[in-house]
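Please construct the entire structure, taking both the sequences and the accompanying hints into account.
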Amino acid sequence: MKDLNLMVAGPQGSGINFTSDTFSKVMARLGYYVFSNAELFSTIKGEHSYFRVRVSDELIRSYSERVDILIALDSKSIILHKDEVDGNGFIITEEKPLDSRFVQVEYNKILQNVANKYNKNLSELSVMKNTIALAVVGKIVSIPKEAIQKVISENFAKRPNIAQLNNAVVDETYSITKIDRSISLPKGKAFGNMLINSAEAVAIGKIAAGLRFQSYYPITPASDESQYLEGVMSKYNVIVEQTEDEIAAINMAIAAANTGLRSATSTSGPGFSLMVEALSYAGMTETPVVIFYYQRAGPSTGMPTRHEQGDLKFAISAGHGEFPRIVIAPGDHEEAFYDAFESFNLAEKYQLPVIVMLDKSMAMSNYTVPKFDTSKLKIDRGKLILEGEVSNYKRYAFTEDGISPRTVPGVKNGMFTIAGDEHEEDGHIFSEDPDNRIKMMDKRMGKLKKILGDLPNEMKYKFYGNGDNLIISWGSPKGAILDAIRERPEYSYLQLRLLHPFPADEIKSFNKYKRIVTVEQNYSGQLGDILKENAGIDVSSRIVKFNGRPIALEELIEGLDKSKNERRVVLTYA
Amino acid sequence: MKDLNLMVAGPQGSGINFTSDTFSKVMARLGYYVFSNAELFSTIKGEHSYFRVRVSDELIRSYSERVDILIALDSKSIILHKDEVDGNGFIITEEKPLDSRFVQVEYNKILQNVANKYNKNLSELSVMKNTIALAVVGKIVSIPKEAIQKVISENFAKRPNIAQLNNAVVDETYSITKIDRSISLPKGKAFGNMLINSAEAVAIGKIAAGLRFQSYYPITPASDESQYLEGVMSKYNVIVEQTEDEIAAINMAIAAANTGLRSATSTSGPGFSLMVEALSYAGMTETPVVIFYYQRAGPSTGMPTRHEQGDLKFAISAGHGEFPRIVIAPGDHEEAFYDAFESFNLAEKYQLPVIVMLDKSMAMSNYTVPKFDTSKLKIDRGKLILEGEVSNYKRYAFTEDGISPRTVPGVKNGMFTIAGDEHEEDGHIFSEDPDNRIKMMDKRMGKLKKILGDLPNEMKYKFYGNGDNLIISWGSPKGAILDAIRERPEYSYLQLRLLHPFPADEIKSFNKYKRIVTVEQNYSGQLGDILKENAGIDVSSRIVKFNGRPIALEELIEGLDKSKNERRVVLTYA
Amino acid sequence: MPNSYRTNVEIDWCPGCGDFGILNALTLALQELKIPNEKVALTGGIGCSSKIPHYVNVYAYHTLHGRSLAQAQAIKIANPELEVIAAAGDGDALGIGTQHFVAAGRRNVDLTYLIFDNGVYGLTKGQASPTLPYGESPKSLQVENIKDPVNPIFLALASGYTFVARSYSYNIKHLKDTIIRAIKHKGLALVDVMQPCVTYNNINTKEYYDSRLYDLQKEGWDPVAKNEEEYKQKLGQAVIKSLEWGDRIPMGVFIEYEKETYDERLSKLLKNYKEKNFVTFPVHENGKPVNDITPLLEELV
Amino acid sequence: MPNSYRTNVEIDWCPGCGDFGILNALTLALQELKIPNEKVALTGGIGCSSKIPHYVNVYAYHTLHGRSLAQAQAIKIANPELEVIAAAGDGDALGIGTQHFVAAGRRNVDLTYLIFDNGVYGLTKGQASPTLPYGESPKSLQVENIKDPVNPIFLALASGYTFVARSYSYNIKHLKDTIIRAIKHKGLALVDVMQPCVTYNNINTKEYYDSRLYDLQKEGWDPVAKNEEEYKQKLGQAVIKSLEWGDRIPMGVFIEYEKETYDERLSKLLKNYKEKNFVTFPVHENGKPVNDITPLLEELV
Ligand SMILES: Cc1ncc(C[n+]2csc(CCOP(=O)(O)OP(=O)(O)O)c2C)c(N)n1
Ligand SMILES: Cc1ncc(C[n+]2csc(CCOP(=O)(O)OP(=O)(O)O)c2C)c(N)n1
Ligand code: SF4
Ligand code: SF4
Ligand SMILES: [Mg+2]
Ligand SMILES: [Mg+2]
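Protein chains in written order, with the working numbering: chain A, 1 to 574; chain B, 1001 to 1574; chain C, 2001 to 2301; chain D, 3001 to 3301.
For the record, the hints were derived by calculation from the structure and aren't laboratory data. Fair warning: there could be bad hints in the mix.
What the hints assert, rightly or not - Computed from the model, here is a short list of chain A residues facing chain D with C-beta under 7 Å:
{"#": "1", "residue": "Pro11"}
{"#": "2", "residue": "Thr43"}
{"#": "3", "residue": "Ile44"}
{"#": "4", "residue": "Lys45"}
{"#": "5", "residue": "Asp57"}
{"#": "6", "residue": "Pro218"}
{"#": "7", "residue": "Thr220"}
{"#": "8", "residue": "Gln227"}
{"#": "9", "residue": "Glu230"}
{"#": "10", "residue": "Gly231"}
{"#": "11", "residue": "Thr301"}
{"#": "12", "residue": "Glu334"}
Heads up, the beta-carbon is just placed ideally off N, CA and C, and yes, glycines get one too.
Structure, rendered in structure tokens:
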């Protein structure tokens, strides 16, 4: 395997995302595996930000600390990142070379040439510096310039003039820029893959599931998903409602669910906190609603555009009183798609709120995955009665399996009373009978056991590798861990997927490994606590990272090595 | 020891609380220990409700299932409660006697006599049926009628005419009612005790602590405390602000705290859920604010006037991201007072949010306690700078002990920037530097260790008894447990007081007991989970109660016996 | 013919409470309009008032404190064929739920919003509600009310409600007729109902209102605006009327203006929204998703 | 003389953003009023706008999204000697924080509320804010805005704000003068600032406003009401003016009416509130509580 690591750095708003996205797409089209991620400031313009793109002919799922090519769009980028660039690497810049890695590009000359040719002002072309840098990279990696131009044309499909100018810039760059070294990559073999992130994967999964109602209040990094849905709402019949706050968002989703629509909301920590009261209501009223929880660095507003998995225990125990919920965590974009799809089945089958845990790094890192297989998708709406007539109907009837048939307005004689107060079978709240209370608590909480019995193992956990030592983790570190255990085959990897109810029986059986470590992106190693509480597993080391950046392959390998001697290993790579 | 158990039952709004309160006060004045509690419906008038009062010459701290005297103000009360009344007990009623326990009272005759004497209409006196019942009880227990009349006069101090009429009713009842049996109690010896509940104890504790700002949004059972404060706000210089919602309540308390006032808010589950976003903000901004959390039966609106301790794990992990907090749980009204006082010291010393866990049964059960000892109360406002001038000031300066000096507006050159975004020492948020992030997380989370080191053992736990078996519990079951281990001396009792940060070192040392059981008022036995997670203690049985009613002495004794053979014991007495 | 509109649940309001009148007027209105029970959705928040969903034999949503209107809007958006009525206490509507009150004006969802306006927080034992007048201290308050009251009529006018009315729980005829008119109104309709709380509010009582309330319509106010120009002009006058609160208090309709409702606007964004009922429009066929996501996947390759 | 009112923090708004004008006008106003830095408290919510506390050298509270006003009121209540200014985006103020917007009108706390009104959610990349006009779709929106805008002026009038004004971020002089007048106003003062977002809102731009905004005062509107009668009467007219939005958009002061502020009212309930500053009024002496609770305990015996 040979990999190439590109970093595009510069002020936010200067188009660095355009450069990295285009490069990613070009390489994916050429059959490479691509993994990209963004480090942005919580600001709109100006602050230093950067994107990474890693490319390889073999499957990769994490980023590397090594930078082979740095596109530095301002001098700050050089100061901040030059030490990360490999000794044989390239630094693409307008400025004076400091060492042999520097490739000085004549931005202005190229732009001027194109401006002259097309009879434009230089100022009109100044935004195209990114395109030049991209073309230089293309030349270094020996990409046919047509591959780049094709993607540019697609990007600007609606503005062909812009496409033409950008492509002229590519031509000009290829023709006048001299490169004295190059990087050669083995031929790509992975064709037909999508370049996608989890925000898109979730949105598409929801559409497949028949989502009809999505309410949201804008928040990074969750709202990309809602905006994607807005783009296709008409075609797929999804009502997407931007609300006045997150309290309205969750309440509207709950009401829509109780009116018969598959309903969801997406948010991040601050918004989820505001939804907690209604989450408890959904539990009490047995409402099938799905919350997509995109974690970011907290507490409070924290670092809104940075990564963290700090909300695990919170998601599991949020809400006053005790009620059943399901908490699942996909670990990559494919799982994000399938879990998003399945979450609606779970919600409707068991009539409870489902929380799908995602995070900033999943939402904002694009990488290649095979096209989703839709052939096995199956929708199950549980005991839902959408039409016709019923008799002797009671919304919260006691049944053998603890799940009551569910009507919606319009069903004749199916009138329900939904209540967040403790209620009788008919939904009324006035007896406050202590024995009914016990039965109703048993009915609701009993679902947890049923779920553990019903769910297939792959919804509960996945297992990889054959080492004697075990990594246990959840969510997005998956990619880095899978890449790392190729290098450290003495580790196996247990990916916990069902976080609540906790599959204690299954997980306990892993307590036989020589050494067990957790890998998580939070301060205290919350999964470690959960394993202790639920499975009696006392991990020997907790590898954590909480500086707002995702885990790089190399630091994880190092962290695994350190974990032999340390109870807590803090990863710090930025 | 001899105890007497009175139950006053009737429709809500019919004055049953007047009867039980007056009786409690009379008995307390006569030197008895009194324990009372209320079972109300979440409605204003009409629904069947009841109060219990237990009286003894020795210390009691829980209610008994046995009823010695039932005042039944309507026939429903007879139907519902007659089986609970002891074979030798009394049922005071207007209706036809069914067995020898019944004491038929001539309500109308008594009222008519008094009406005639005072030249009133019978209808004006009809609200005084309660007084008659009370007097009958007085006669059964051989209380001098003057003792009752004195308390009545105090109650109606502002309406002497009403007092006079009621006292005439007492006279008349004593003179014409014939009782053929009586109950004799040993003489009371416990004089000078207060009859109080935790809502009052907390309010008074806050006043002693110098509370200056209390914000609240009405909610049962928390708002009694705020209403008490409103009654004395002028005298003790407390701003009590009823806000538009709980979000405003917590935000206002936070802002007032950051402006230099000792600040608090009080709420129950639904309100606390809405405060979670700001709780996380308080953690991030290192704001000393205290939240008094009166638990009630959940989830959601649940049973708003009923008891539960269902919010333990929620209180500990509420809020997105990781931040330090202190969670403490008093177990009786005295601890409620001292903990309320101390919570402000903790909040200001460590600059973080403190949550004090209370519940409906503490807020609404009055019992006798010795007058609070104020001689040892000591206020410590930590590193607070209220006046003068500072230089080179940075709100979040790194210091040796992790606590930064804290200015307030008005202090010259002390200008701060408080921010819920991750910040530098000066409070500014723009670098998003990964290393600063690590340092700031360490600074904040480091407080938890410091707290564990600083706090005296009695803030962490209390220990009672000398049995080989151990009950571990938290909060309000304390009274019933202390009463129960008198009967089952094979049990010791560990009362956990500091719930977060968890005093693991201390608690682990208790893992040597023969058999360990938890007693809690929630469904899943949350404390059991917490003990497992933090101290590796795997309890052999969880005794739980979640039907909305507090634990009665007898059922707890029975539960302890059952716990020898069962992993989970559900108490169900209503 | 619809079934009876009353459930057989025993009502637990205090005897004499104004809430009874609202329940009566509402069920009478539904009867008169003959809407099938299963086509009506009724939401409540939390409070004495908000127990009303338990008493009306329709699809009943007893929601959270302050969230009645938020949920009601979603119900109507989810299924525009339903007749949706949101009930709320003044605490629900104008205290904890004010953000929804204002935002609802922006949507103009076609539903009826009934505020049970008693000046107190009944269910929590009589604290001041947002509509309690300044300086008053009904018996349940520890200290006098030092806040000014919200003016629900003015606030609704400012928020863009297209039908705004005041009525009175002890005038069943006026209230029933107003509710009918509100239900028939195409758009968001507010009925602010003066509702004496006999237990806690000893100021704004039946006696208080009986002598003060007068009928705007009887005094000649025509609230109907036929176009935007007229609407704007009538708004100013309606505001002036909404400020009357003293010896005379106006009741009746302050404004009535029909314009595009939210479902009409939504159908601009959703091509099938008008023709299909999204509730019964299936999302699967024997478990197989109806939506074909292939084009979306193709775009990403 | 106060220190400079600018911190030396680098500003991270987009070049050309209207927010710069507001920052300038605010610091100029503070300079002109010569309020010592340590006597000023400035709050912000969350958004581009709400970063302003970092740029002004005073006691700065960067709060939560929507909670700027709630916290600002508590600051003033806690210490009435402070000059309190609350900054908020239109999302903060009129979306997620609307319940505080309305409730604040009931209190009339003496502070100044500045809304940075740009029609979009800037910091989250340009979604519609509550003030975005109906039917518009600035370039960052996926679908056109189908909601009507909130009218902040009308809403403030309805909520009982005693000073209500509109100004413009590119007219520093008008804005500075308006802010000074708002600060001097005894009571709750709103300044709704038209603030073009150059990155996301390509409709409500500088060009848009330059040609439309006219000065109410220059056209003779006297907003001052000297008594309740006049206030009520001017409210109606002010509402009519607040409805103007088209070729001509009024700016300036819509209403100005002085009445009891919240601290005055609070001192009715708290006998020492006027004389003592509750912040510096000690709660202990060498650790010993100043409050004597014995009478409270005695009452319970
Ligand atoms: C989040 C939350 N806060 C507080 C409460 C407590 N609570 C129950 S009813 C109520 C107020 C009821 O007043 P209103 O809405 O005016 O209705 P009313 O009882 O007067 O009809 C409150 C504050 C609650 N249920 N939920
Ligand atoms: C509870 C919560 N929800 C959502 C967000 C995300 N958020 C950050 S800024 C913002 C909107 C900003 O818009 P506005 O208030 O108009 O300020 P502007 O950026 O336009 O100045 C939102 C929704 C948040 N921080 N907190
Ligand atoms: S407390 Fe008031 S509002 Fe509630 S039921 Fe009784 S009278 Fe009606
Ligand atoms: S995004 Fe808009 S509001 Fe935010 S800083 Fe840029 S121009 Fe200003
Ligand atoms: Mg009310
Ligand atoms: Mg904005």
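Each hint tested on the structure:
no.	hint	result
1	Pro11	10 Å, violated
2	Thr43	4 Å, holds
3	Ile44	5 Å, holds
4	Lys45	4 Å, holds
5	Asp57	35 Å, violated
6	Pro218	4 Å, holds
7	Thr220	6 Å, holds
8	Gln227	5 Å, holds
9	Glu230	4 Å, holds
10	Gly231	5 Å, holds
11	Thr301	6 Å, holds
12	Glu334	25 Å, violated
The structure is inconsistent with the numbered hints 1, 5, 12, although it conforms to all the rest.
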